[in-house]
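Engineer: As a plain string of letters, each chain reads:
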Amino acid sequence: MTQLNLNKAPVLHIEHLSKSFDNLTVLKDISLDVHQGEVVSIIGPSGSGKSTLLRCCTLLETMTSGMLAFGDTIVCQSAARDTKQYASPETLRLVRQKFGLVFQNFNLFPHWSVMKNIIDAPISVQKRDKNEVIHDAELLLQKMGLADRGDYYPFQLSGGQQQRVSIARALINNPEILFFDEPTSALDPELTGEILKVIRDLAAEHMTMVIVTHEIEFARNVSDRVIFMAEGVIVEQGPANDVILHPTQERTRTFLANMRNK
Amino acid sequence: MNYGRMLLQLLEGLSYSISIFCWTLFFSLPLGLLVALCRMSKFTVLKQLARFCISVLRGTPLMLQLFLVFYGPYYIFKMPLTDTYRFLAVIIGFSVNYAAYFAEIYRAGIEAIPLGQYEAAQVLGYSRTQTFFKIIVPQVVKRILPPVTNEVITLVKDTSLAFTLTIPEMFSVARQWSSARTTMIPLIAAGVFYYVFNFLVAMLMERFEKYLNYYR
Chain A
1 MTQLNLNKAP VLHIEHLSKS FDNLTVLKDI SLDVHQGEVV SIIGPSGSGK
51 STLLRCCTLL ETMTSGMLAF GDTIVCQSAA RDTKQYASPE TLRLVRQKFG
101 LVFQNFNLFP HWSVMKNIID APISVQKRDK NEVIHDAELL LQKMGLADRG
151 DYYPFQLSGG QQQRVSIARA LINNPEILFF DEPTSALDPE LTGEILKVIR
201 DLAAEHMTMV IVTHEIEFAR NVSDRVIFMA EGVIVEQGPA NDVILHPTQE
251 RTRTFLANMR NK
Chain B
1 MNYGRMLLQL LEGLSYSISI FCWTLFFSLP LGLLVALCRM SKFTVLKQLA
51 RFCISVLRGT PLMLQLFLVF YGPYYIFKMP LTDTYRFLAV IIGFSVNYAA
101 YFAEIYRAGI EAIPLGQYEA AQVLGYSRTQ TFFKIIVPQV VKRILPPVTN
151 EVITLVKDTS LAFTLTIPEM FSVARQWSSA RTTMIPLIAA GVFYYVFNFL
201 VAMLMERFEK YLNYYR
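Line order of the protein sequences matches chains A and B. Under the working numbering, the first residue of the first sequence is numbered 1, with each subsequent residue one higher. Under the working numbering, the first residue of the second sequence is numbered 1, with each subsequent residue one higher.
In case anyone wonders, no lab produced these hints; they're calculated from the structure. Remember, it's a predicted structure, so these values are computed and weren't measured experimentally. Just so you know, not all the hints are guaranteed correct.
[Claimed, not checked] Derived pair list, reagent style DSBU-like, types lysine-lysine, alpha-carbon separation capped at 30 angstroms: (1) A:Lys98 x B:Lys134; (2) B:Lys42 x A:Lys84; (3) A:Lys116 x B:Lys210; (4) B:Lys142 x A:Lys130; (5) A:Lys8 x A:Lys84; (6) B:Lys142 x A:Lys116; (7) B:Lys134 x A:Lys116; (8) A:Lys130 x A:Lys143; (9) A:Lys116 x A:Lys197; (10) B:Lys142 x B:Lys157; (11) B:Lys134 x A:Lys127; (12) A:Lys130 x B:Lys134; (13) B:Lys134 x A:Lys143; (14) B:Lys142 x B:Lys42.
[Stated by the list, open to error] Cβ-to-Cβ under 8 angstroms is the rule here; a few derived chain A residues that face chain B: (15) Leu60; (16) Asn105; (17) Pro110; (18) Ala121; (19) Gln126; (20) Tyr153; (21) Phe155.
[Unchecked claim] Quick list of simulated restraints, FRET-style, between CB atoms: (22) B:Leu200 x A:Asp129: 44 to 50 angstroms; (23) B:Phe132 x A:Glu205: 34 to 40 angstroms; (24) B:Leu200 x A:Gln156: 28 to 34 angstroms; (25) A:Pro239 x B:Phe132: 41 to 47 angstroms; (26) A:Pro239 x B:Tyr211: 51 to 57 angstroms; (27) B:Met79 x A:Gln126: 54 to 60 angstroms; (28) A:Ala79 x B:Leu37: 33 to 39 angstroms; (29) A:Gln126 x B:Val56: 45 to 51 angstroms; (30) B:Ser127 x A:Asp129: 17 to 23 angstroms; (31) A:Leu24 x B:Thr60: 42 to 48 angstroms; (32) A:Glu250 x B:Ser127: 44 to 50 angstroms; (33) A:Lys130 x B:Arg58: 42 to 48 angstroms.
Using N, Cα and C, we set each Cβ at its ideal position, and we do this for glycine too.
Isolated chain B, as found in the complex:
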């Protein structure tokens, strides 16, 4: 077995995994805030809609959601299945799914801020937007960091689900090598890569948490 070639291909796969990871965070972190704000909206329709979406996204397998996003347009609109859309479907599926989880984390964080903070801001004359971005958000970020770290670590591992849409990410590569040569080594190597990836992610998040420890 050519280990050099295997490692090279695994790293190529890893670059897909990293790409899925980054794009998903890029879209789902802000999208989650939007969903959280809808979920806490005074408008019942918007609130119930957000609630329903979160419930479905959290209550069904991500793998199934990925299939729906990819094959849905083909069955409904007869849209041709291209490789560009294959990758796009993965990003859409992951982003929407993770946004639902982040939305609930944000909501819990926002609701944990004492009412007195809003009242003090109001008396001092801050506008609602100023209050939200200057006073509420920084405190929410600190509170939600541990659960967000959890989700981010899960996401690293979840990127392997992209294999269901035959994206050549690291897990798919490892599986192919493994079944073609009946050996566990590629899978173990992939496992090591996932672990290192997550180790770095956790370290980064911990640093950020420490940085925010300047206040309680």
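In isolation and in its complexed conformation, chain A is listed as follows:
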């Protein structure tokens, strides 16, 4: 388990975050801190708001109220109830470099080679040095077991390989935190293992990660902390073994029992 440095600002700080679509409230008063090196898994039934929470954190969705910060950078805050103030576009642009997101459906760019998928954003958005980026990308591909696949196009790769490319793409700018949105849900069962292994390796390197997943056993193995969400609230959270093996809430028990019976 990771030793948490509680004196430092958490990598991700969420306070009283709420999100509604029209009149439907999907997230209610969520507060959550993720510290340097911590691996947090979010589990829960579909419609529990776990993906929406991830989308709010990655700025794909705007929250209705609450506070969101990455380290010392405040992304959004509320002065009063049901209000919010997002930071300037410039700040948001910079904050996007602090995190990476791995999608359920990979969302690689099909018209670009594997290499181009990884290096284009650092070169054309973050204006990093091209040779340095290519060097980093080669190391990442090697780490993902895809050293010889740089010139391939996404359609020539298996789902598991595509997802590993998208993990490399998310890692190329050395993010402080990596988000995973059900990274194995679009994969054939026999391919999920290779992705889980990559995430496990990243955990061993103390990469800070937030993982939305349906793989309960995996969540238990890899996470420092597990969060169980239902109906837009955090029902229960704690050390992975406690939440999954000895849940205290009835709602958590029902969910875990349902997952086991699948």
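We have chain A already, so just place chain B on it with the hints.
Structural biologist: Showing chain B alone in chain A's frame:
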């Protein structure tokens, strides 16, 4: 009948047809994108205006539109009808009409791109302009190539409609020769030329399609 002279005149007519074809593509391909973007705009007025224009342009005969463009300014502004404007009117009429068709093809192509592509681009920090031109447009081009080819082939044949504004394009020439000498031969010759023209166009488009087959 002097076949040599006939062929020479047909080829002269063909040069008009080619000229109409090229100018129309030159203007309508980009204009179509502009119309498509208006059609997908968040501003209701712009969106409905684009929708209305597309509907009228696709819902009325091109021949009628050509008449309107050519004679309209004369009846409304008493603008004198010159031969320069005659050709210009053809280009304007064709370009605007084809832009409406291209706009709908573009729109279908753009809307077929999965939302995830935009989201991945956003998370990686691409600006909206970068996302559109680097990530969306190349994928749209590949998707719309078959329907665009269809329109382009139709355009080759549609250039014959310029005869209604008495442009001496190939079909007008063939018709004159044919009626003056009561023979089908000039029309058949023109048909062969149209076919060869289209054969080349189709071959070119197919090459382009094959080139884009490097990804799926």
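Engineer: State for each hint whether it applies.
Structural biologist: These are the hints, each one checked on the structure:
For the hint linking Lys98 of chain A to Lys134 of chain B, the alpha-carbon distance of about 23 angstroms falls within 30 angstroms, and the restraint holds. Between Lys42 of chain B and Lys84 of chain A the alpha-carbon distance is near 24 angstroms, which keeps this suggested pair within the 30 angstroms criterion. Proximity of Lys116 of chain A to Lys210 of chain B is assessed by CA-CA distance (about 21 angstroms); at most 30 angstroms being required, the pair is judged to hold. With a C-alpha separation of about 28 angstroms, the suggested pairing of Lys142 of chain B with Lys130 of chain A holds against the 30 angstroms cut-off.
For the hint linking Lys8 of chain A to Lys84 of chain A, the alpha-carbon distance of about 25 angstroms falls within 30 angstroms, and the restraint holds. About 19 angstroms separates the Cα atoms of Lys142 of chain B and Lys116 of chain A, which keeps this hinted pair within 30 angstroms; it holds. Among the hinted pairs, Lys134 of chain B with Lys116 of chain A is consistent with the structure: their alpha-carbon atoms are about 12 angstroms apart, no more than 30 angstroms. In summary, the hint linking Lys130 of chain A to Lys143 of chain A is supported, as the alpha carbons are separated by about 20 angstroms, within the 30 angstroms threshold.
Between the alpha carbons of Lys116 of chain A and Lys197 of chain A the distance comes to roughly 24 angstroms, so the proposed pair stays at or under 30 angstroms and holds. With a C-alpha separation of about 24 angstroms, the suggested pairing of Lys142 of chain B with Lys157 of chain B holds against the 30 angstroms cut-off. Among the hinted pairs, Lys134 of chain B with Lys127 of chain A is consistent with the structure: their alpha-carbon atoms are about 16 angstroms apart, no more than 30 angstroms. Among the hinted pairs, Lys130 of chain A with Lys134 of chain B is consistent with the structure: their alpha-carbon atoms are about 18 angstroms apart, no more than 30 angstroms.
Restraint check for Lys134 of chain B and Lys143 of chain A: the C-alpha separation of about 28 angstroms stays at or below 30 angstroms, so the hint holds. A hinted pair counts as satisfied when its Cα atoms are at most 30 angstroms apart, and Lys142 of chain B with Lys42 of chain B qualifies at roughly 26 angstroms. This hint holds: Leu60 of chain A has a C-beta 6 angstroms from the nearest C-beta of chain B, less than the 8 angstroms allowed. Because the smallest distance between the Cβ of Asn105 of chain A and any Cβ of chain B comes to about 5 angstroms, under 8 angstroms, the interface hint for this residue holds.
Restraint check, Pro110 of chain A versus chain B: the minimum CB separation of about 5 angstroms is within 8 angstroms; hint holds. Taking 8 angstroms as the C-beta contact cut-off toward chain B, the hint placing Ala121 of chain A at the interface holds, the least distance being around 4 angstroms. Annotation: interface hint on Gln126 of chain A holds; nearest CB of chain B at approximately 7 angstroms, less than 8 angstroms. Nearest Cβ of chain B to the Cβ of Tyr153 of chain A: about 5 angstroms, under the 8 angstroms cut. The hint holds.
At its closest, the beta carbon of Phe155 of chain A sits 4 angstroms from a beta carbon of chain B; the interface hint therefore holds under the 8 angstroms criterion. Checked against the given bound of 44 to 50 angstroms, the beta carbons of Leu200 of chain B and Asp129 of chain A, roughly 46 angstroms apart, stay inside it. Here the CB-CB span from Phe132 of chain B to Glu205 of chain A is close to 36 angstroms, well matched to the stated 34 to 40 angstroms. A hinted range of 28 to 34 angstroms for the beta carbons of Leu200 of chain B and Gln156 of chain A is consistent with their spacing of about 33 angstroms.
Between Pro239 of chain A and Phe132 of chain B the beta carbon distance is about 46 angstroms. The supplied range of 41 to 47 angstroms therefore holds. The supplied range of 51 to 57 angstroms is met by Pro239 of chain A and Tyr211 of chain B, whose beta-carbon atoms lie about 56 angstroms from each other. Distance hint check for Met79 of chain B and Gln126 of chain A: the Cβ-Cβ separation is about 56 angstroms, which falls inside the suggested range of 54 to 60 angstroms. The supplied range of 33 to 39 angstroms is met by Ala79 of chain A and Leu37 of chain B, whose beta-carbon atoms lie about 37 angstroms from each other.
Our hint of 45 to 51 angstroms for Gln126 of chain A and Val56 of chain B holds, since their Cβ atoms are close to 47 angstroms apart. Distance hint check for Ser127 of chain B and Asp129 of chain A: the Cβ-Cβ separation is about 21 angstroms, which falls inside the suggested range of 17 to 23 angstroms. The hinted range of 42 to 48 angstroms is satisfied by Leu24 of chain A and Thr60 of chain B, whose Cβ atoms lie roughly 45 angstroms apart. Against the hinted window of 44 to 50 angstroms, the Cβ-Cβ separation of Glu250 of chain A and Ser127 of chain B comes to about 48 angstroms, which satisfies the hint.
In this structure, Lys130 of chain A and Arg58 of chain B meet the distance hint of 42 to 48 angstroms, their C-beta atoms being roughly 47 angstroms apart.
When held up to the earlier numbered hints, the structure conflicts with none and fits them all.
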